[in-house]
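Asker: Listed below are the residues making up each chain.
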Amino acid sequence: MKEYVMGNGAIALGALKAGVNVACGYPGTPSSEIIETLAKYPHEGLHLEWSVNEKAALEVAAAASYAGARALVTMKQVGLNVASDPLMSLAYVGVEGGLVVVSADDPGPISSQTEQDTRRFADFARIPVFDPSSPEEAFEMIQDAFACSEKYKTPVIFRPTTRVCHGYASVEAQERYQPKAFAGFQKDAGRFVIFPRLSYKNHGLIEKRNVRIGEDFSSYRYNTIEGEASEKAVLASGISYMYAKEFLKDHPKIRLLRIATAYPFPEDFAKKALSGVKEVLCLEELSPYLEEQLLKLAGKHALSLKVCGKLTGHVPHMGENSADSIAAILQEFLGIDAPKGGRKITDLPSLPVRPPVLCAGCPHRASFYAVKRAMAGQKTYYCGDIGCYTLGNSMPLDMVDTCLCMGAGVTMAQGFSHVDGEGKAFAFIGDSTFFASGITGVVNAVFNEADITICILDNSTTAMTGHQPHPGTGINMMGHDAGKISIEKILQGIGLEKIVTVDPLKLDEAIEAVKECASVRGVKAIIFRSPCIAIERSGKTCSIKDSCINCKACIRQTGCPALSLSDGKVTIDASLCTGCGLCAQVCPVHAIGGEGDE
Amino acid sequence: MNKDILICGVGGQGTVLASRIIAAAAMAEGNIVHSAETIGMAQRGGPVTSHVRIGETAYSPLIPLGQADLIIGFEPSEVVRNLGYLKEDGLAVVNTTAVKPVTASLSDSGYDGKEMTDYLAQKVSCIFADGEKECQRLGSVKFLNILLLGIASGSGRLGLQKETILGEIEKRVPAKFREANLKAFLSGFEIGTKKEEDKEP
Chain A
1 MKEYVMGNGA IALGALKAGV NVACGYPGTP SSEIIETLAK YPHEGLHLEW SVNEKAALEV
61 AAAASYAGAR ALVTMKQVGL NVASDPLMSL AYVGVEGGLV VVSADDPGPI SSQTEQDTRR
121 FADFARIPVF DPSSPEEAFE MIQDAFACSE KYKTPVIFRP TTRVCHGYAS VEAQERYQPK
181 AFAGFQKDAG RFVIFPRLSY KNHGLIEKRN VRIGEDFSSY RYNTIEGEAS EKAVLASGIS
241 YMYAKEFLKD HPKIRLLRIA TAYPFPEDFA KKALSGVKEV LCLEELSPYL EEQLLKLAGK
301 HALSLKVCGK LTGHVPHMGE NSADSIAAIL QEFLGIDAPK GGRKITDLPS LPVRPPVLCA
361 GCPHRASFYA VKRAMAGQKT YYCGDIGCYT LGNSMPLDMV DTCLCMGAGV TMAQGFSHVD
421 GEGKAFAFIG DSTFFASGIT GVVNAVFNEA DITICILDNS TTAMTGHQPH PGTGINMMGH
481 DAGKISIEKI LQGIGLEKIV TVDPLKLDEA IEAVKECASV RGVKAIIFRS PCIAIERSGK
541 TCSIKDSCIN CKACIRQTGC PALSLSDGKV TIDASLCTGC GLCAQVCPVH AIGGEGDE
Chain B
1 MNKDILICGV GGQGTVLASR IIAAAAMAEG NIVHSAETIG MAQRGGPVTS HVRIGETAYS
61 PLIPLGQADL IIGFEPSEVV RNLGYLKEDG LAVVNTTAVK PVTASLSDSG YDGKEMTDYL
121 AQKVSCIFAD GEKECQRLGS VKFLNILLLG IASGSGRLGL QKETILGEIE KRVPAKFREA
181 NLKAFLSGFE IGTKKEEDKE P
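From first to last, the protein sequence lines are chains A and B.
Per the working numbering, residue 1 is the first one in the first sequence, and the count goes up by one each step.
Per the working numbering, residue 1 is the first one in the second sequence, and the count goes up by one each step.
Same shape as in the complex, but just chain A (with noise of 0.2 Å):
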């Protein structure tokens, strides 16, 4: 039967078709929905986990297809570095069973630090990568990534991008699925101990080997050639080549080429596919990867071929791609005269920014304004970190100084206590943040001997991706109860001596703590522990009294979006508010109240 899925949904359908024996990941906009879906389906057999961050997924899945099972792994782009290290591994030492990284880039970028191209990361690591245009193709894809992978005996990437992951379509689901009989790991150290002496060896195996893998691609169902022989054409990859499909079904014999599979570069396919062709714009997001395949290609068989694309200025370096910016270049590359799509739009008025805020009732709000509240008139730094409490750093909260990558926060925060021994820094980390990245930090702080207090704002979950649990939840992918890892005893065991856990709502209780930690030296946390409105509704809420005197204190502190003013009355909207009473206790006359309070 077909079912409407997510592109991420339509890649877990694909690899359990492709009979996927263990699936492991890390949560991370646009990849999350691959390990989600698959939970979701019957899957019998398959080992799920959200493993603790990407290196671990990746580490686990290798194993596995040392056994010889087939193996996915999810993550987002930025999570390929924190994998890279198995990753630039395990391409020397190559898998038995399927092993298919996914890793979603995130051109715009729409929700990530990095504008990077996962290509990239396939030719530095020297392995085959797919690059789907549409949720459909994905499904098709993932299954002969898997093939490839076994083929080859190469670990390979699949790299969707946003609008893949998240594009919905039909693909085919069905009422069970089987896991592939798989033979068991068979010993053999030449094999899978990395030594200098067998990466030597593998190293000029594998360069070999990827000439055969080019070749091999130059067939590949995904490179495609349609229109007609002519001097100007277009190369296009990823959702580029769906926008530049698009635009071109009026122009049907402009001759437009598709590369799914940029490395190893299928040279033979793009060689054919661009005889007689006198100049080739190349559309792709992220970086000009394919653009400089075809400057290689033009160099080494001295082509008399113009190359056109971001390095040429026809195409912008940064930001994705859409429809319109891509029927825009192809209109002038092509010398196309049509009237420019869309209405005239005049005398527009000021539209209202909206940049993304923590929810109403976030109890990440509360444990911000504790610590600004506690730190008010001395010198600190804030360290941020990767998560929805990154939008503390939004006005008027504004307690966000740095924000780097996962788990740096609490490092960096020990870099300025080694630079100031003045300031007091902290280090804000999410408790899922915490598990991936944050305790070696912790570990390095002690040792070291910081001067720093760490902020864990655990609201039990992994709330911006979408609510994923973590080792600090209990309840793991495979539905059994693992029991909580408790965060307390974690830094108990590295030896913090001062460790405070307190409701984050119960502001003059979270003050004080922030207070007293921040009072003594060395390495101290405080735990701000409330659930994620999302996952826990109070079922409360705050209302005002006739006492306000509209000084609106509540508005200007805390910038929760259920108080807005109306008629220049602050007001709370019943729709939004929890009931958390944080601007309640910020009220100066005490004119705010929670439901049933008077």
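Source of the hints: derived by calculation from the structure; they are not laboratory data.
Treat the numbers as computed from the prediction; the structure is a model and nothing was measured.
Be aware that a few hints might be false.
Restraint ranges, calculated between C-beta atoms of paired labels, are given here [unchecked claim]:
| id | chain 1 | residue 1 | chain 2 | residue 2 | range |
| --- | --- | --- | --- | --- | --- |
| 1 | A | His251 | B | Glu163 | 35 to 43 Å |
| 2 | A | Lys344 | B | Gly159 | 21 to 29 Å |
| 3 | A | Gly45 | B | Ser140 | 53 to 61 Å |
| 4 | A | Gly594 | B | Ser125 | 28 to 36 Å |
| 5 | A | Gly313 | B | Arg178 | 30 to 38 Å |
| 6 | A | Met478 | B | Lys114 | 22 to 30 Å |
| 7 | A | Lys489 | B | Gly55 | 51 to 59 Å |
| 8 | B | Lys114 | A | Glu175 | 24 to 32 Å |
With the Cβ distance kept under 7 Å, some of the chain A side facing chain B (calculated, not the full set) [as the list claims (entries may be wrong)]:
| id | residue |
| --- | --- |
| 9 | Lys296 |
| 10 | Leu297 |
| 11 | Lys515 |
Chain A residues, not near chain B, derived (Cβ > 10 Å throughout) [to be verified]:
| id | residue |
| --- | --- |
| 12 | Gln186 |
| 13 | Glu246 |
| 14 | His317 |
| 15 | Gly319 |
| 16 | Ile336 |
| 17 | Leu351 |
| 18 | Val357 |
| 19 | Lys372 |
| 20 | Met395 |
| 21 | Thr440 |
| 22 | Ile475 |
| 23 | Gly495 |
Every residue gets a Cβ at the ideal spot worked out from N, C-alpha and C, and that includes glycine.
Starting from the known structure of chain A, fit chain B onto it as the hints suggest.
Answerer: Okay, now just chain B, sitting in the frame of chain A:
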């Protein structure tokens, strides 16, 4: 059938369910459908859109500018923000209730949506509905998405049978809210039908 429908609003307003119901109903009537949604950080109070594309030659998951047959707007300024997508003869279904961003509250900018609805009324063919008032009548703001879907259906611009949409709503909403959602759809449908008739000369 070829049809492009853009749904826009603010994160948390329930645009995703509306787009899934339209997509499912279009599929149930034998169409090829693609759609795309805003997911991730922007969902936290930021502008969100869903692009629903019905038809065989809709390759891009995003609707090209000027090609949407219908905009279903959950918030007036978000309709203005996305107006470039609407066809010359397209229709916008607009909830007139404004969602005030924190930035507006902090700066006392006084944004209330009025300027947006005035602008829309002047520029494009619209069906306006006071979502706040209608939802109060229906008992909860949670029914806003189904109400607007009902208006869109009543306007006749979705190109889908009312019964097909009702069937998909029934499949997707929890049993205890089924009655209320059906009521929300039907009252929206009535608004849509009536407003579209009013426009006839």
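Asker: Does each hint hold? Answer for all of them.
Answerer: Each hint, compared with the structure:
1. Distance hint check: the CB atoms of histidine 251 of chain A and glutamate 163 of chain B are about 40 Å apart, consistent with the given range 35 to 43 Å.
2. At roughly 26 Å, the beta-carbon separation of lysine 344 of chain A and glycine 159 of chain B lies within the given 21 to 29 Å, and the hint holds.
3. A C-beta distance of roughly 43 Å is found between glycine 45 of chain A and serine 140 of chain B, which places it outside the suggested range of 53 to 61 Å.
4. Range check, glycine 594 of chain A to serine 125 of chain B: Cβ separation about 45 Å, and the 28 to 36 Å hint is violated.
5. For the hinted restraint 30 to 38 Å between glycine 313 of chain A and arginine 178 of chain B, the CB-CB distance of approximately 56 Å leaves it violated.
6. The given range of 22 to 30 Å is broken by methionine 478 of chain A and lysine 114 of chain B, whose C-beta atoms sit roughly 54 Å from each other.
7. The given range of 51 to 59 Å is respected by lysine 489 of chain A and glycine 55 of chain B, whose C-beta atoms sit roughly 58 Å from each other.
8. Distance hint check: the CB atoms of lysine 114 of chain B and glutamate 175 of chain A are about 54 Å apart, inconsistent with the given range 24 to 32 Å.
9. Below 7 Å, beta-carbon pairs count as interface contacts, and lysine 296 of chain A has none with chain B, the closest being about 29 Å; its hint is therefore violated.
10. About 27 Å separates the beta-carbon of leucine 297 of chain A from the nearest beta-carbon of chain B, more than 7 Å, and the hint is not met.
11. Because the beta carbon of lysine 515 of chain A sits about 27 Å from the nearest beta carbon in chain B, more than 7 Å, this interface hint is broken.
12. For glutamine 186 of chain A, the requirement that its beta carbon stay farther than 10 Å from each beta carbon of chain B is met, with the minimum near 43 Å.
13. Against chain B, the non-interface label of glutamate 246 of chain A is violated: not every CB pair exceeds 10 Å, the least being about 4 Å.
14. With a cut of 10 Å on Cβ distances, histidine 317 of chain A stays outside the contact zone with chain B, its closest approach being about 21 Å.
15. With 10 Å as the threshold on Cβ separation, the claim that glycine 319 of chain A sits away from chain B holds: the shortest Cβ distance comes to roughly 14 Å.
16. Non-interface call for isoleucine 336 of chain A relative to chain B: holds, since the shortest CB-CB distance, roughly 15 Å, exceeds 10 Å.
17. For leucine 351 of chain A, the requirement that its beta carbon stay farther than 10 Å from each beta carbon of chain B is not met, with the minimum near 5 Å.
18. Residue placement check: valine 357 of chain A does not keep its beta carbon more than 10 Å from all beta carbons of chain B (closest about 5 Å).
19. Every beta carbon of chain B lies more than 10 Å from that of lysine 372 of chain A, the smallest distance being close to 16 Å; the non-interface claim holds.
20. For methionine 395 of chain A, the condition that its CB be more than 10 Å from all CB atoms of chain B is violated, with the nearest at approximately 6 Å.
21. The claim that threonine 440 of chain A lies off the interface holds: its Cβ sits roughly 26 Å from the closest Cβ of chain B, which is beyond the 10 Å cut-off.
22. Consistency note on isoleucine 475 of chain A: stated as away from chain B, and its beta-carbon is indeed over 10 Å from all of that chain's, at 22 Å minimum.
23. Separation of glycine 495 of chain A from chain B is adequate, the least Cβ-Cβ distance of about 36 Å exceeding the 10 Å criterion.
Consistency note: the structure conflicts with the earlier hints numbered 3, 4, 5, 6, 8, 9, 10, 11, 13, 17, 18 and 20.
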